[in-house]
Every structure is written in C-alpha cells, then in structure tokens.
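Asker: These are the residues of each chain, in order.
2 protein chains.
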Amino acid sequence: MQTELSKKLGIEHAVFGFTPFPAVAAAISRAGGFGVLGAVRYTAPDELKRDLDWLDGHVDGRPYGLDVVMPAKKVEGVTEADIEAMIPPEHRQFVQETLAKYGVPELAEGEASGWRITGWMEQVARSQLDVAFDYPIKLLANALGSPPADVIARAHEHDILVAALAGSAKHARKHADAGIDVVVAQGYEAGGHTGDIASMVLTPEAVEAVDPLPVLAAGGIGSGQQVAAALALGAQGVWLGSVWLTVTEADMHSPAVTRKLLAAGSGDTVRSRALTGKPARQLRTEWTDAWDDPAGPGTLPMPLQGLLVAEAVSRIQKYEVEPLLGTPVGQIVGRMNEERSVQAVFDDLTRGFEKAIDRINKIAGR
Amino acid sequence: MQTELSKKLGIEHAVFGFTPFPAVAAAISRAGGFGVLGAVRYTAPDELKRDLDWLDGHVDGRPYGLDVVMPAKKVEGVTEADIEAMIPPEHRQFVQETLAKYGVPELAEGEASGWRITGWMEQVARSQLDVAFDYPIKLLANALGSPPADVIARAHEHDILVAALAGSAKHARKHADAGIDVVVAQGYEAGGHTGDIASMVLTPEAVEAVDPLPVLAAGGIGSGQQVAAALALGAQGVWLGSVWLTVTEADMHSPAVTRKLLAAGSGDTVRSRALTGKPARQLRTEWTDAWDDPAGPGTLPMPLQGLLVAEAVSRIQKYEVEPLLGTPVGQIVGRMNEERSVQAVFDDLTRGFEKAIDRINKIAGR
Numbered sequence: 001m002q003t004e005l006s007k008k009l010g011i012e013h014a015v016f017g018f019t020p021f022p023a024v025a026a027a028i029s030r031a032g033g034f035g036v037l038g039a040v041r042y043t044a045p046d047e048l049k050r051d052l053d054w055l056d057g058h059v060d061g062r063p064y065g066l067d068v069v070m071p072a073k074k075v076e077g078v079t080e081a082d083i084e085a086m087i088p089p090e091h092r093q094f095v096q097e098t099l100a101k102y103g104v105p106e107l108a109e110g111e112a113s114g115w116r117i118t119g120w121m122e123q124v125a126r127s128q129l130d131v132a133f134d135y136p137i138k139l140l141a142n143a144l145g146s147p148p149a150d151v152i153a154r155a156h157e158h159d160i161l162v163a164a165l166a167g168s169a170k171h172a173r174k175h176a177d178a179g180i181d182v183v184v185a186q187g188y189e190a191g192g193h194t195g196d197i198a199s200m201v202l203t204p205e206a207v208e209a210v211d212p213l214p215v216l217a218a219g220g221i222g223s224g225q226q227v228a229a230a231l232a233l234g235a236q237g238v239w240l241g242s243v244w245l246t247v248t249e250a251d252m253h254s255p256a257v258t259r260k261l262l263a264a265g266s267g268d269t270v271r272s273r274a275l276t277g278k279p280a281r282q283l284r285t286e287w288t289d290a291w292d293d294p295a296g297p298g299t300l301p302m303p304l305q306g307l308l309v310a311e312a313v314s315r316i317q318k319y320e321v322e323p324l325l326g327t328p329v330g331q332i333v334g335r336m337n338e339e340r341s342v343q344a345v346f347d348d349l350t351r352g353f354e355k356a357i358d359r360i361n362k363i364a365g366r
Numbered sequence: 001m002q003t004e005l006s007k008k009l010g011i012e013h014a015v016f017g018f019t020p021f022p023a024v025a026a027a028i029s030r031a032g033g034f035g036v037l038g039a040v041r042y043t044a045p046d047e048l049k050r051d052l053d054w055l056d057g058h059v060d061g062r063p064y065g066l067d068v069v070m071p072a073k074k075v076e077g078v079t080e081a082d083i084e085a086m087i088p089p090e091h092r093q094f095v096q097e098t099l100a101k102y103g104v105p106e107l108a109e110g111e112a113s114g115w116r117i118t119g120w121m122e123q124v125a126r127s128q129l130d131v132a133f134d135y136p137i138k139l140l141a142n143a144l145g146s147p148p149a150d151v152i153a154r155a156h157e158h159d160i161l162v163a164a165l166a167g168s169a170k171h172a173r174k175h176a177d178a179g180i181d182v183v184v185a186q187g188y189e190a191g192g193h194t195g196d197i198a199s200m201v202l203t204p205e206a207v208e209a210v211d212p213l214p215v216l217a218a219g220g221i222g223s224g225q226q227v228a229a230a231l232a233l234g235a236q237g238v239w240l241g242s243v244w245l246t247v248t249e250a251d252m253h254s255p256a257v258t259r260k261l262l263a264a265g266s267g268d269t270v271r272s273r274a275l276t277g278k279p280a281r282q283l284r285t286e287w288t289d290a291w292d293d294p295a296g297p298g299t300l301p302m303p304l305q306g307l308l309v310a311e312a313v314s315r316i317q318k319y320e321v322e323p324l325l326g327t328p329v330g331q332i333v334g335r336m337n338e339e340r341s342v343q344a345v346f347d348d349l350t351r352g353f354e355k356a357i358d359r360i361n362k363i364a365g366r
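Protein sequences appear in the order of chains S and C. Each residue of the first sequence is one higher than the one before, counting from 1 in the working numbering. Each residue of the second sequence is one higher than the one before, counting from 1 in the working numbering.
Don't take every hint at face value.
Since the list gives no way to pick one copy over another, a pair counts as held whenever it fits inside one copy or between any two copies.
What the hints assert, rightly or not - In silico DSS-like cross-links for lysine-lysine, where the CA-CA straight-line distance does not exceed 25 angstroms:
(1) Lys8 to Lys260
(2) Lys260 to Lys362
(3) Lys278 to Lys355
(4) Lys101 to Lys355
(5) Lys260 to Lys318
(6) Lys49 to Lys7
(7) Lys49 to Lys101
(8) Lys362 to Lys8
(9) Lys355 to Lys7
(10) Lys170 to Lys362
(11) Lys49 to Lys170
(12) Lys278 to Lys7
(13) Lys278 to Lys49
(14) Lys170 to Lys260
(15) Lys362 to Lys101
(16) Lys101 to Lys260
(17) Lys362 to Lys49
(18) Lys355 to Lys49
(19) Lys362 to Lys7
(20) Lys174 to Lys318
(21) Lys174 to Lys8
Honestly, the hints are just simulated from the structure, not real lab data.
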C-alpha cells in the first residue's frame, strides 16, 4: 500500500493512526504504519516529554508524528479563569442537576479534573511544540484550523511535514494556502470534531481542491475494503483514530468505556456539541441527550462548553456512570467488536485491502 | 463494470439510475446502465401507462425497472381527507404566514397542486403495480420499507427482482427476511429519504448483513472514483439519483431549480423533515430553514407534513420563488456543475472508474 506520501515518509503502509496512547502509536509505527500521538491530553510539557521519550524508544527507528490542538484564532492574555467567568449560572446549574439526577459522586478533595481546557489553548500547544521539536517527529498535525505561519516555518526547518484537518473542500484549500503539506479530510462519519460532508463526497473534493498536495481520508475507515475505497477516491493514505480505542495496547482506564465501544453499533454515535461546543462525534449517551434536548439550556460555544463540563466528565469517567459515560468515536465503532492487537488490526487491513483489490479488478475485467 | 447482478440483468455497467423522467430512464438503459423510473409522481394509473409505453419504446430492448413508494404499514380505509383533518391549525397558519412573507402568489382557480400525497398511499402504489406488471420490467424497487409479501410473490411470478432501500444494516436484514432480492443501501449523503449512517460505513455493513444477496450502494456517488469506492466496499453496483437531475434529458420544468442545482456545493444540502415528515436530504433553502427553526412549530410526522405542504410547494415551484425553492438532492450536488447528456455522464463514470482502478493497482503494487 504505497503512495507518494508513504514513500516520502518511508513507511510500508499508507495508514496513519491517531491515538492518545504512546504504546498504540509505537505499535502502529512498528507495524509499518505511521503512529501519530495526540498531545491534547498533556497539560504539562514534562509529561509529553516523558511519553515522547518512551515512544521514541519503542518505534524501532520507524517514523512517527504528533497531533496538537492549536486554535486558528489567538486570544491574547486570556486565562482559564477569564473564560470560566463567561459561563452562565444556568448552565452550571444544569450540569449539577444532571449529575445529581444520576447520583454521580464528587471527586475527592484536591483531586484534579482529568480533562482540562488548557490543552486547547495556544500557549499550551506552543509549549508542547517546544518539547516536540527536540524529537525526530516527521509529521505535525493540527486538529483545529491551520497552524500559525511561524509554527509551519519552524516545522519545515526541522523537515517536518505539517498536516491539518479539514471538513470541507474550502477549509482544505485554506490550509493549502497557509502552506501546510498534507490535508486530513475528516468526513461526517469520523469520531471527534467533524463537519457534515461524508467521506465519499469530501475525499475527492478535498483532493481536487488542494491538488497536488496529498490528502489523507479520515472517517468511517476500519477495514481493508474501506482503505481501498478511500484510496480509490484519490486519497494518498488513510487516517484512522477510532479503531485504536479498543486495541489491547490502548490504556483506556475505563473497562466500562471499552465494553460500551465493543457493544456499540454504527448507529450508536451522535454528532453533538456536548463535549467541546463544536460538533464532535461520540457515543450517544444520556449525557449527550441531555445537552441536545431542546428542553435543556443547550450547549455553549467552544471553549466555554469544554470548560463547563470538564469536571463533570471527569466524575462520570472516574465513577463509570454508565448511562452518561461516552467517548469520541466514529461510526466505524459498529465494526469494533473485539479487542485485538495493533498488529492484528494491520493484518486485517492489509488482507482486506488485497481482497478488495482482487474483487474490483474482477469487476473491471482485469 | 460487471458484477453477478449486472450479468443477471444483462446490463453492461453495474450502474442503476433512479429518475422521475422517462427520457432519462431510457437514456440510462440505452447507455448500458439500468434505468429505474420513479412512480411516486403519478397519481393516475393512465399517466404511468402512457410513460411506460414511451419508455418501453425507447430503451432499444434494454432492461429497465420501476420504483414505487409503498409504505410498510397499511392503513385501511383512510382517505386523504381523513389525514387532512389531523393537521393542526397552527401548522396551516405557519405555512400561510411563510408564503405571505415571501409574497408567493396563489395557484389559479381550479389549478391542481402538482405534488400530492396520494402517490405515497398503498392503494395508489397497488394501482401502479397493476399497470407495471403488463410491462417487461426487470426490477421493482420500493423506497419505503419492504413491499408486502403478495407484491413480492407477484413480482417473482413475473421474474422481476424486488429491491428495497435501507438506511441501516438492521433495516437491510429485515428486507432480506421479507424475501426481497436486492438491497439499496442508502447512505446519509444521499438525496431524498435517508438515515444517518454514511455510505463508507453503511455499504459494507449492509453487504455483510444480507450476504449473499446483492447490495447496491446509494449516496454520494457521481464519479467513476466513487463507483470504484462503492464496489471496493462490497457493493454489486451503484444506485445514482441526484446526478440525473441536471442531465439535458431531464424535464425539470424549472430553470431556477436547475440553476440552483448547478450552483450548489456539497455543503448546500440539509437532511430535513420539511418535505415529508421523515428526514430527507434536499437543497437547503429558507423554506427548510423555517421548518427546522426551533422558533417555528416544527414539522409533522409522515404523511401529515407532505399533505400540509403540498400546495405550498406547488406554488413555490410554479412561481419559482428562489429563496424557498428546493428539491431533494444528495451531497454529490457539489459535482453537478454543468448540464450534460446521460451518455456523457456514463462516459465520465466509466473513464473515471478505469482511472481509479489504474491508480489503486499502482498503490497495491500490481
């Protein structure tokens, strides 16, 4: 499975795997794909350094990358406390009432909320980059808009390709104009932040919009058939996130979330603003239903919503309150029905890809 | 482009084209595809007979099919007047206010509303079938659920394959259990009634759910690359509807609708209940916005909504009131940028398909 981009990066399969877990990223790179570590969960640069040290020591010299969240709009001198102050009391009350309704216990005294907004702020992303540029990363992806020009320039000085996620052809074009090297076309069916154009339509539109830049297809991909489909649509590779959530190397911390992921069908996700204030696909739960209910107060814009629900989400996760317990994941969750190793996922992808090519050649009379 | 199903039907390309226009259906069959005439717009069996006569005389002996709308749930003895009586006055008032706001003129005295609910009622669909079984149709598709058992049996007596549209694997399995022969997996990105699972995920799920029955992929397909992708996903063919709306053979009656279709991007559609009461993808307009606005009365369930808006839609169409003027269409509308003949669309599909196969074979190292 070789494209111009995979050759440039020196990988065996044009399969890019996004994951918050260093062990999964390392296993993806070792399996011949390209592991991309998500940095958003790191609040302290030291923690990122520790995990990059580990990752770099476990890829057997194979290339890997980093994914940061750097908002396109910079807000100077705004602190988390300033943002906290913008949240209406009505919304705080709705959070407390919903938690109380399900009997969600409080965190212990002094216990930190696991998920913070800070990873989403530019100063945090910049401190992550200061760490990351000391490592031989080959690709730097940004999940929210194009990275600032100085970051792109700095990456290029280090021979690092810069990728950015796009949910529309227009968005992809904007990234290309900003000087990035790779577009990740994130279809409607993808997990996490996503637009409403499905991969079948978005992928070729993005390819055409940024030609000759390479496009990776993201959203709805978890089998070799889907890899073949994405490449037929003109992509130079695929970007998979959801499928790694249930691999044996994943450190999900919550057996209940893993259970829910393994049991969920493709219709059990929802594109909701409940998590961050922007539409993000995730497991549908009574928590997302509460936020999406017209009878409730509705969600706040990013970054207010993320800050508003951070502590609540930590409590729901810590105590595994099943009706409310969710996670970002794409519609491909319907095929994630057993825990497998990263290598087993790759074996399945490559076998399925070859079978799909055999089949389509037969249809084409070749 | 040959699959088991296309061989069985004796067609050259596994491309099924759904269209309300006999001239388009005939051109699709003549081009080597399989033309399927949509019957929902025929209120009188005589009109259907006239158009089937014409179609049968213009396919050069090639096979073709018919698509009816036969609701799965039969409601005995309910007339259109009974249904009219169920519509709340508040909703009628909202229709009138919205039309007045845009200055939409009334129809002339005695002028019939062009679009009626009647085509959606079982007795009408049955009278259409009485006509259709006199013609050598090779496929009978039902757009709403599985057809009743006696209809399936009657079709099979005439050696007619029965197809049904499905928006989920579960729905597809239900059709298979009812004894149909072909599943049309209708992805989220498709025009008209559609679920929320995108084609990339839905197609392989449907294939697996009804194996060994053939699945046609519908939704987001308008280029040869997309045909290749759908076939890579395991489909035995593709089902295209939207792309035929702007072919030169189409009799759209409204230059303004054609203009809007040619200008629209993939992000200019919406999945709205405004038209029929069930989610259907269509051009986003100020009309769909009004119905989807939480400040309005919202839509009514099928079939009430369709009956409620029938006259209004006729008026909007007749007077081409642009801000309100829409039509069902899929996200592929973004690629429908010029009027072309059906043959030109086929030439483009087959050329693009071959190119996609070349490209993917190169990636696969073959």
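Asker: Now tell me, hint by hint, if it's right for this structure.
Answerer: Hint check results:
In the homo-oligomer, the alpha carbons of Lys8 and Lys260 never lie at most 25 angstroms apart, since the shortest distance is 38 angstroms inside one protomer and 42 angstroms across protomers. For the identical chains of this complex, Lys260 and Lys362 are neighbours neither inside a copy (39 angstroms) nor across copies (39 angstroms), given an alpha-carbon limit of 25 angstroms. In this assembly of identical chains, Lys278 and Lys355 lie within 25 angstroms of each other by CA distance neither inside one copy nor across copies; the values are 38 angstroms within and 38 angstroms between. Taking identical chains as interchangeable, the C-alpha atoms of Lys101 and Lys355 are never at most 25 angstroms apart, the minima being 50 angstroms within one chain and 57 angstroms between chains.
In this homomeric assembly, Lys260 and Lys318 come within 25 angstroms of each other (Cα to Cα) only inside a single copy, at 15 angstroms, whereas the closest approach across copies is 51 angstroms. When the C-alpha separation of Lys49 and Lys7 is checked against a cutoff of 25 angstroms, the pair qualifies neither within a copy, at 28 angstroms, nor between copies, at 60 angstroms. For a Cα distance limit of 25 angstroms, the shortest separation of Lys49 from Lys101 qualifies neither inside one copy, at 40 angstroms, nor across copies, at 61 angstroms. For a Cα distance limit of 25 angstroms, the shortest separation of Lys362 from Lys8 across copies, 16 angstroms, qualifies, whereas the shortest one inside one copy, 31 angstroms, does not.
Both within a single protomer and between protomers do Lys355 and Lys7 lie at most 25 angstroms apart by alpha-carbon distance, with minima of 23 angstroms and 21 angstroms respectively. Taking the shortest Cα distances, Lys170 and Lys362 never come within 25 angstroms of each other, neither inside one copy (36 angstroms) nor across copies (29 angstroms). Proximity of Lys49 and Lys170 under a CA criterion of 25 angstroms is satisfied in neither setting, with 35 angstroms inside one chain copy and 46 angstroms between copies. Proximity of Lys278 to Lys7 under the C-alpha cut-off of 25 angstroms is found in neither arrangement, the shortest distances being 35 angstroms within a copy and 47 angstroms between copies.
In this assembly of identical chains, the alpha carbons of Lys278 and Lys49 never lie at most 25 angstroms apart, being 29 angstroms within a copy and 52 angstroms across copies at closest. Only between protomers do Lys170 and Lys260 lie at most 25 angstroms apart by alpha-carbon distance; the minimum there is 19 angstroms, versus 36 angstroms within a single protomer. In the homo-oligomer, the alpha carbons of Lys362 and Lys101 never lie at most 25 angstroms apart, since the shortest distance is 58 angstroms inside one protomer and 57 angstroms across protomers. Taking CA atoms no more than 25 angstroms apart as the test, Lys101 paired with Lys260 passes inside one copy only; the shortest distance there is 21 angstroms, against 49 angstroms between copies.
Taking CA atoms no more than 25 angstroms apart as the test, Lys362 paired with Lys49 passes in neither setting, with 50 angstroms inside one copy and 39 angstroms between copies. For the homomeric pair Lys355 and Lys49, neither the shortest alpha-carbon distance inside one copy (41 angstroms) nor that between copies (45 angstroms) is at most 25 angstroms. For the identical chains of this complex, Lys362 and Lys7 are inter-copy neighbours only, at 13 angstroms across copies versus 28 angstroms inside a copy, given an alpha-carbon limit of 25 angstroms. In the homo-oligomer, the alpha carbons of Lys174 and Lys318 never lie at most 25 angstroms apart, since the shortest distance is 40 angstroms inside one protomer and 40 angstroms across protomers.
Taking the shortest alpha-carbon separations for Lys174 and Lys8, only the intra-copy value of 23 angstroms comes in at or below 25 angstroms, while the best inter-copy value is 47 angstroms.
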